[in-house]
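Visitor: Model the full structure from these sequences, guided by the hints.
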Amino acid sequence: MTNILLVTSSPRGSEGLSTRFSREIAEGLKARLGGSLMTRDLTSNPAPHIGQAYIQGRVAAPEKRTPEQVKAVTLAQELVEEVKAADVVVLGSSMINFGPSSQLKAWFDHITWPGVTFGYSEAGSPQGWLTGKKVYLVTAAGGVFSEGEWAAFDFQTGYLRHLLGFIGLTDVDIVSVEGTVFGPEPAKAAIAATDAQVRAVLEKAA
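Position 184 of the sequence shown, counted from 1, bears residue number 179 in my numbering, the numbering being contiguous throughout.
Careful, some of the hints might be misleading.
When the alpha-carbon atoms are kept at most 25 Å apart in a straight line, the in silico SDA-like pairs for lysine to any residue are as follows [said to hold, decoys possible]:
{"hint": "1", "residue 1": "K100", "residue 2": "S141"}
{"hint": "2", "residue 1": "K128", "residue 2": "D82"}
{"hint": "3", "residue 1": "K129", "residue 2": "F103"}
{"hint": "4", "residue 1": "K100", "residue 2": "A147"}
{"hint": "5", "residue 1": "K199", "residue 2": "E22"}
{"hint": "6", "residue 1": "K79", "residue 2": "V54"}
{"hint": "7", "residue 1": "K79", "residue 2": "S97"}
{"hint": "8", "residue 1": "K25", "residue 2": "K128"}
{"hint": "9", "residue 1": "K25", "residue 2": "T(-3)"}
{"hint": "10", "residue 1": "K100", "residue 2": "D36"}
Since the hints were derived computationally from the structure, they do not count as laboratory data. Given the structure is predicted, the values throughout are model-derived calculations rather than measurements.
Guide: This is the structure:
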């Protein structure tokens, strides 16, 4: 049985293309592989930005945590356990001001937890501990950032790959939709190209 975790984060909610295509992948994988599908919608149920209670609480002994620290750490533990329980993670990200949304950044801030999801070797090199999982990263951008003069300003894709890899999620396939702001016909072509990417992902997984 395959446990699938779908994480969506577009501020546009269900209208966001990253939400649409990540959901299609997650539901398609479930139909083909069986198992369970857990959804974490960071738009309708956002994780708060981390604060002092989380920073201090995650390193404090459990019996010494304040009520505010307990609340902050409990949420982080819940988010981490969702990832740990998953065999497959499908992550939807929409570009906001050249990077991922603050909703998705807050989720990563909770699950990137020293001593829980990553550590360091004796030589001091980082080691991610959430290994052995498949990740499908679905990115959306209105402009074209995969090539050309704007490629240098894609602070979404590389950053997310780095964060995923840092905690051990290194087996990542990327599905992208871009170039949707240049009029109806380019948007139609961009969506059709992403539809083809999704079909290829599902055919390969079947």
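Visitor: All the hints need checking, so say for each whether the structure fits it.
Guide: Verification of the hints:
The suggested pairing of K100 with S141 holds, with an alpha-carbon distance near 21 Å, which does not exceed 25 Å. Only pairs whose Cα atoms come within 25 Å are accepted, and K128 paired with D82 is accepted, the gap being roughly 5 Å. At roughly 17 Å between alpha-carbon atoms, K129 and F103 fall within 25 Å of each other, so this suggested pair holds. For the given pair, K100 sits about 20 Å from A147 by alpha-carbon distance, which is consistent with the 25 Å threshold.
For the suggested pair K199 and E22, the alpha carbons sit about 15 Å apart, so the restraint of at most 25 Å is met. With a CA separation close to 20 Å, the supplied pair K79 and V54 stays within the 25 Å bound. Between K79 and S97 the CA atoms are separated by roughly 23 Å; this keeps the pair inside 25 Å, and the hint holds. Note on K25 and K128: the hinted pairing holds, with a Cα-Cα distance of about 15 Å set against a maximum of 25 Å.
Only pairs whose Cα atoms come within 25 Å are accepted, and K25 paired with T(-3) is accepted, the gap being roughly 8 Å. As the CA atoms of K100 and D36 are separated by approximately 13 Å, the hinted pair is consistent with the 25 Å bound.
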